[in-house]
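Peer 1: Residue numbers (our numbering), protein chains in the order written: chain C, 595 to 916; chain S, 595 to 916.
Careful: at least some of the hints might be erroneous.
You can't tell identical chains apart in this list, so a pair holds if it fits in one copy or across any two.
[As the list claims (entries may be wrong)] Below, in silico cross-link-like pairs of lysine to any residue (SDA-like), each with a Cα-Cα straight-line distance of 20 Å or less:
(1) Lys780 / Ala667
(2) Lys780 / Asp900
(3) Lys780 / Thr743
(4) Lys780 / Pro793
(5) Lys780 / Arg706
(6) Lys780 / Arg664
(7) Lys780 / Leu791
(8) Lys780 / Ala666
(9) Lys780 / Ile705
(10) Lys780 / His880
(11) Lys780 / Ala672
(12) Lys780 / Gly801
(13) Lys780 / Glu623
(14) Lys780 / Ala646
(15) Lys780 / Ala670
(16) Lys780 / Arg643
(17) Lys780 / Ser662
(18) Lys780 / Thr812
(19) Lys780 / Glu663
None of these hints come from the bench; they were simulated from the model. For clarity, every value in this text was computed on a predicted model and none was experimentally measured.
Protein chains: 2
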Amino acid sequence: MADPVIVDAMGGDHGPAETVGGAVTARREHGVPVVLVGRAGEIRGELARHGALGEIDVVHAERIVPMSERGAAAAASADSSMRVGCELVGQGAASAFVSAGSTGAVVSCAIRGIGRAPGVLRPALAIALPSVTGGASVLIDAGATSDPTPEMIAQFALLGASYAQLVLGVTDPSVGLLSIGAEPGKGNRLTRRAEELLPGLPFRFHGNVEGHDVLAGTVDVIVTDGFTGNVVLKNVEGSVRAALTLVAEAGIAAPEALREVARRYDPETHGGAALLGLGGTVVVAHGSSRAPTIARACVVARDLADGGVVTRVRSHLAVESA
Amino acid sequence: MADPVIVDAMGGDHGPAETVGGAVTARREHGVPVVLVGRAGEIRGELARHGALGEIDVVHAERIVPMSERGAAAAASADSSMRVGCELVGQGAASAFVSAGSTGAVVSCAIRGIGRAPGVLRPALAIALPSVTGGASVLIDAGATSDPTPEMIAQFALLGASYAQLVLGVTDPSVGLLSIGAEPGKGNRLTRRAEELLPGLPFRFHGNVEGHDVLAGTVDVIVTDGFTGNVVLKNVEGSVRAALTLVAEAGIAAPEALREVARRYDPETHGGAALLGLGGTVVVAHGSSRAPTIARACVVARDLADGGVVTRVRSHLAVESA
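Could you build all of it, start to finish, from the sequences and the hints given here?
Peer 2: Okay, structure coming up:
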């Protein structure tokens with residue numbers, strides 16, 4: 595049997611009432627081996643409700659990380675479901691960790707609790723942002739590694755392309771390097787060096803893309819450093835919110851009607867985030883996730899782990915010594 | 595008499611039909627000494643229409659830089675109104691240059707045609723972005739210097755604070771450092787170093803701000819490197835456009851009603867951009883500017899030049915050797 599996927603039973607807005615049902619569905623309908631971590635009493639109560647007591651293992655962890663808690667604080671407390679779950683992956687007892695908790699807290703716990711995968715220089719956070727064209731573009735790194743080298747950017751691009759294939763189902767993903775001009779050579783020192791490494795890698799390198807391309811569907815994967823990526827991610831959220839506020843204040847649309855557009859770009863609800871490049875895969879589900887979304891996150895985690903995202907990067911580690 | 599402000603007569607969507615009237619207004623109503631540069635015949639025809647022949651000097655330049663032309667291409671042609679105007683400032687014959695041409699082209703021509711001001715390490719582009727709260731925040735550097743040192747960031751902050759005072763009329767501007775977490779110490783190597791320099795400077799240092807603060811009115815000045823600033827500027831534009839497209843497609847508001855919101859964040863129409871830190875001030879007016887806006891840009895240019903933006907930076911050059 596494959597290594598299990600650990601599910602943070604306490605994460606998200608609904609806690610065990612939805613996460614346990616999601617884990618049960620992942621196991622029964624998709625054959626994902628799962629383990630639940632969190633307050634054992636509450637979890638067993640929910641398992642009983644689904645007639646799944648004894649079917650899914652439970653690991654007790656007392657503390658619940660609040661959605662508002664900062665990453666560093668979350669990572670510092672050893673007895674939370676997030677930290678305990680990540681430690682299980684770090685110890686090799688599981689292949690992946692799934693949580694509907696806050697992205698920042700999950701990333702901090704994962705970096706602390708799970709080591710780097712052999713050959714991978716640094717982890718990167720991949721987030722699928724919906725495009726106006728109806729598809730999605732993967733933004734990587736959205737905030738895990740703030741000062742990468744050009745070689746790390748090349749690895750992030752490989753991780754992002756694998757994510758686009760395995761999660762978004764794009765067969766031949768295009769990758770764009772986020773910069774400040776579409777022409778070759780435009781950018782800063784980091785992007786100019788990265789631009790030389792990317793054409794040699796196994797994906798369609800589109801060249802440079804710019805800030806206005808992020809939501810335009812120009813490419814399948816937008817690769818950048820974790821500083822710029824995180825600023826952009828939060829700027830997308832703030833800019834969309836500002837535009838909708840101005841529309842609402844102008845009285846040309848009702849706030850309720852605008853809420854669905856706002857939700858698409860809310861940092862807690864956009865379509866799936868994965869921390870790639872560690873000793874196990876970590877998937878962050880929507881904070882508002884119900885059981886079916888948790889089940890889907892477990893499938894994504896299993897697929898990312900089984901799909902050899904890290905193996906693909908390792909087979910191109912030539913970039914490391916370029 | 596003070597050094598004149600050079601006005602690019604050929605810049606913008608309307609050319610001499612509006613720029614010449616703007617220059618006449620700047621001179622007659624605001625006492626700004628102006629010189630017009632561009633196709634002398636066309637300019638004199640417009641001056642005659644305003645009864646201002648002989649009142650304002652004209653310098654001939656044959657070429658018009660199209661709005662779509664890239665910065666590097668624009669800067670390479672020596673006979674354009676933009677290049678000739680910037681050279682006049684560079685030679686010390688004028689204090690400032692005003693153009694309603696494309697921002698990228700003006701910046702490239704200005705960097706090429708005007709030298710750095712003594713003591714200023716690198717120029718920075720300041721742009722006032724409208725906030726949802728009704729005011730505006732100055733984003734600096736929006737794309738002039740892509741790999742600044744921490745000391746340059748400190749100078750950009752001083753330039754931005756002076757811009758907020760002189761142009762936006764903020765008496766005691768607050769400055770935020772764009773980063774990836776509000777807590778001190780969050781960010782990349784550059785922001786962590788810059789964060790140490792900013793508290794000692796003569797403005798209210800707010801601390802770190804994040805991507806969602808850019809349009810929220812959190813601070814009067816958002817300081818960042820020119821790479822991040824340019825990505826953010828274009829991302830604001832693209833994200834606002836994406837949100838409005840989704841609103842229009844959802845059928846909850848008519849596209850025409852949304853156009854005014856879109857215009858606020860269009861890169862060619864947002865409220866004023868200035869390239870600061872060179873041997874003369876450069877102000878980029880809206881591409882769609884009519885005469886009153888051109889006149890206002892001339893006043894801003896004169897005020898920035900007279901207001902001692904560069905002098906203030908120079909008096910704090912201690913940051914250079916920090």
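Peer 1: For every hint, state whether the structure bears it out.
Peer 2: Going down the list of hints, with the structure as the test:
1. In this assembly of identical chains, the alpha carbons of Lys780 and Ala667 lie at most 20 Å apart only when taken from different copies (14 Å versus 39 Å within one copy).
2. Neither within a single protomer nor between protomers do Lys780 and Asp900 lie at most 20 Å apart by alpha-carbon distance, with minima of 37 Å and 34 Å respectively.
3. In this homomeric assembly, Lys780 and Thr743 come within 20 Å of each other (Cα to Cα) both inside a single copy, at 17 Å, and across copies, at 19 Å.
4. With identical chains, the CA atoms of Lys780 and Pro793 are at most 20 Å apart within one copy only, with a shortest distance of 16 Å there and 32 Å across copies.
5. Taking the closest pair of Cα atoms, Lys780 and Arg706 come within 20 Å of each other only across two copies (17 Å); inside a single copy the shortest separation is 36 Å, beyond that limit.
6. Taking the closest pair of Cα atoms, Lys780 and Arg664 come within 20 Å of each other only across two copies (12 Å); inside a single copy the shortest separation is 35 Å, beyond that limit.
7. Proximity of Lys780 and Leu791 under a CA criterion of 20 Å is satisfied intra-copy only: 15 Å inside one chain copy versus 29 Å between copies.
8. For the homomeric pair Lys780 and Ala666, the shortest alpha-carbon distance between copies (11 Å) is at most 20 Å, but the shortest distance inside one copy (35 Å) is not.
9. Within a single copy, Lys780 and Ile705 get their C-alpha atoms only as close as 32 Å, which misses the 20 Å cut-off; across copies the closest is 16 Å, which meets it.
10. Taking CA atoms no more than 20 Å apart as the test, Lys780 paired with His880 passes in neither setting, with 36 Å inside one copy and 25 Å between copies.
11. Taking the shortest Cα distances, Lys780 and Ala672 never come within 20 Å of each other, neither inside one copy (45 Å) nor across copies (22 Å).
12. Proximity of Lys780 to Gly801 under the C-alpha cut-off of 20 Å is restricted to the intra-copy arrangement: shortest distance 10 Å within a copy versus 30 Å between copies.
13. Proximity of Lys780 to Glu623 under the C-alpha cut-off of 20 Å is found in neither arrangement, the shortest distances being 49 Å within a copy and 42 Å between copies.
14. Taking identical chains as interchangeable, the C-alpha atoms of Lys780 and Ala646 are never at most 20 Å apart, the minima being 57 Å within one chain and 44 Å between chains.
15. Taking the closest pair of Cα atoms, Lys780 and Ala670 come within 20 Å of each other only across two copies (16 Å); inside a single copy the shortest separation is 41 Å, beyond that limit.
16. Taking the shortest alpha-carbon separations for Lys780 and Arg643, neither the intra-copy value of 58 Å nor the inter-copy value of 44 Å comes in at or below 20 Å.
17. Taking identical chains as interchangeable, the C-alpha atoms of Lys780 and Ser662 lie at most 20 Å apart only when they sit on different chains, with a minimum of 17 Å there against 38 Å within one chain.
18. Only within a single protomer do Lys780 and Thr812 lie at most 20 Å apart by alpha-carbon distance; the minimum there is 18 Å, versus 31 Å between protomers.
19. Taking identical chains as interchangeable, the C-alpha atoms of Lys780 and Glu663 lie at most 20 Å apart only when they sit on different chains, with a minimum of 15 Å there against 38 Å within one chain.
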